[in-house]
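Peer 1: Sequences listed follow chains A and B, in order.
The first sequence lines up with residues 1 to 154 when you count with our numbering.
The second sequence lines up with residues 1 to 502 when you count with our numbering.
To be clear, the hints were calculated from the coordinates, so they are not data collected in a lab.
One thing to keep in mind: the hints can contain errors.
What the hints assert, rightly or not - When the alpha-carbon atoms are kept at most 30 Å apart in a straight line, the in silico DSSO-like pairs for lysine-lysine are as follows:
id : chain 1 : residue 1 : chain 2 : residue 2
1  : B       : Lys-409   : A       : Lys-79
2  : B       : Lys-428   : A       : Lys-79
3  : B       : Lys-428   : A       : Lys-12
4  : A       : Lys-113   : B       : Lys-382
5  : A       : Lys-113   : B       : Lys-428
6  : A       : Lys-121   : B       : Lys-428
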Amino acid sequence: MGRYDWRKPDYKSGILFLALGLAVCYFSWKIGLGSPAKPGPGFMPFLAGLLLAALSFALVVQVLLSWTVPTWKTNIQWKNILAVLATMIAYGLLLEKIGFVLVTLGFVILLMKVIEPQSWKRAVLGGMISSMASYLLFETFLKSQLPRSFLGFF
Amino acid sequence: MDYYSLILQGFSIVFQPTNLFLCFLGCLMGTLVGVLPGLGPTAAIALLLPTTFHFAPVSAIITLCGIYYGAMYGGSTTSILVNIPGEAASVITTLDGYKMAQDGRAGPALGIAAFGSYIAGTLSIVGLMFLAPLLARGALAFGPPEYFSLMCLGLTILIYLASGSMIKALMMAALGLIIGCIGADMLTNVHRFTLGIPELMDGVGLIPLVMGLFGISEVLLNIEIQVKQEILKGKIKNLLPNLQEWKDSTMPILRGSLLGFLLGILPGAGPAIASFVSYAVEKRVSRHPKKFGQGAIEGVAGPESANNAATGGSFIPLFSLGIPSNSVMAILLGALMIHGVVPGPNLVQQNPDLFWGVVASMYLGNIMLLVLNLPLIGLWVKLLKVPYAILFPLILLFCLIGAYTASNKIVDVYLMIFFGLMGYLLRKYRYEAAPLILAFVLGPMLEDAMRQSLIISEGSPKIFFTRPISGTILVVTILLLLSPLLPKIQKKRQVLPLDKEN
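So here's chain A without its partners, still in its complex pose (with noise of 0.2 Å):
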């Protein structure tokens, strides 16, 4: 690794976080800081903001100065990632429309043919049983609120 490793992830993140910091000292100001001896709402969030900013840049230039910065790789998976975070959001989506118990069959399913297949026998069976069970513990034990579906049960 050369001394000015640009592809560091301590210098990518340290640049997402030093923007973020000063995104948030702005909007802080904007908020209205009011005076140390009077703090307004924007007094707090304009410190950490100004924390994080000062500390980001404290690691960028650790990394632009190669301070035994240690570097190493990633590898983050979108594929799966994304596969996996799909189905949640499609989860929160359909949840009030379609109801509880089908919502969760379909999700258990979906996901357990996605990442590492089973069976159809295996996925289904397993959507059936960990959508009845949640239902029964937390509708009729805990009674919490689950949505219901069109047809007025589950």
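Chain B: place on chain A using the hints.
Peer 2: Coordinates of chain B only, in the frame set by chain A:
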């Protein structure tokens, strides 16, 4: 104070059938969470928090506490048998525990882990029982300036003890403070960073934040490593350690208990660091340090005792000051407030049933855990054979249901997913989530204390330094913050290994 009658009162509460059952349930869940890799106590407690809304406050806290110390028992099982730590505080146990199992000594390893946990757990509850009320009485004299300084000190110690880069730990604390600011300002009702989303007016909920950062992100990390588990074949026998093994383990257990208890009190230290420090100490005092890593029973007894003792210690700041010392305590603080209990130095006096009931439940819970872990070990081993491909959809499902039922707002589900992705990326870029959670919880308290102090002093920030207790604490804080500039300490800090969850 008459401890005897108070603790008796506590036991009378625990022995009510509902509480007895819930204590058992908490311990059972805790062991389960401890055994299953990829679901830590923090996520599990956040997950089950919504389900305890319908319970009485004392029952809810009894259940949640059971999960916490139960996980410390369960964590050792996977470390010893599969070489995969069930949670962060059992990472170090894999070194000697798994080696012992390979040499056919899985029984004594599991046995000493359970007995050590029991002894340390019980000793630390004794400590908690005497120290928390004492400290609370001292803290009655604290005003907002003292609280402000104390929280500054707490955050500093947390960052000081953080593994890895101290700059990055501080960055996470700053980020936590910022996230804590989201929502309508308490004093002026001005909206801060709500991005025009009306649901964000009440601020970001602790539950979606914790479940995202610890639950979802953990699953995302785990699905990319295809965990190959090789479970020890053959029957596990001789769970009762023999005389020699007891002799070797007695001192490590006692040292681990004391060390863990003291470290548990410090903010940010917690069970994981306690177990690492205990291992290092045992290796240093041992007459045969070369045996460590080759299946030394001291290497199991010490750390496993220390992590249990730390759980007892970590309750002290919560119950006596109302200040959480780690992310689990932060969730418990949230639970207390949801149940209308005001955390702070008055808690022990105003809610004796709660404090003594919970303390008594811990004595009982430790006995239950001993029973759950030793005779039933075969059951947990079977559970380990469930493949992760089947497990992870269920963990995600529970997170989704938990986030939704906590508030019945779908926005919380999306928030949790967002924090899940954030937690995953933070982990990939080697940031720790624990300082973030703690700063998130302490932030609003800190802001409140600061504003109240300034009202008292009519705007002079000198109040933080002129009041003796507050001033002393702040000076210590500043010294701690400056100390890493000394190269010697910087070197020592690097000995602390990276922990995954706290």
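Peer 1: Each of the hints needs a verdict: does it hold here or not?
Peer 2: Verification of the supplied hints:
1. Lys-409(B) x Lys-79(A): 28 Å, holds
2. Lys-428(B) x Lys-79(A): 15 Å, holds
3. Lys-428(B) x Lys-12(A): Between Lys-428(B) and Lys-12(A) the Cα gap is close to 12 Å, so the pair holds against 30 Å.
4. Lys-113(A) x Lys-382(B): At roughly 24 Å apart (the allowed maximum being 30 Å), Lys-382(B) and Lys-113(A) satisfy the hint.
5. Lys-113(A) x Lys-428(B): Between Lys-113(A) and Lys-428(B) the Cα gap is close to 26 Å, so the pair holds against 30 Å.
6. Lys-121(A) x Lys-428(B): 35 Å, violated
Violated hint: 6 only; the structure is consistent with all others.
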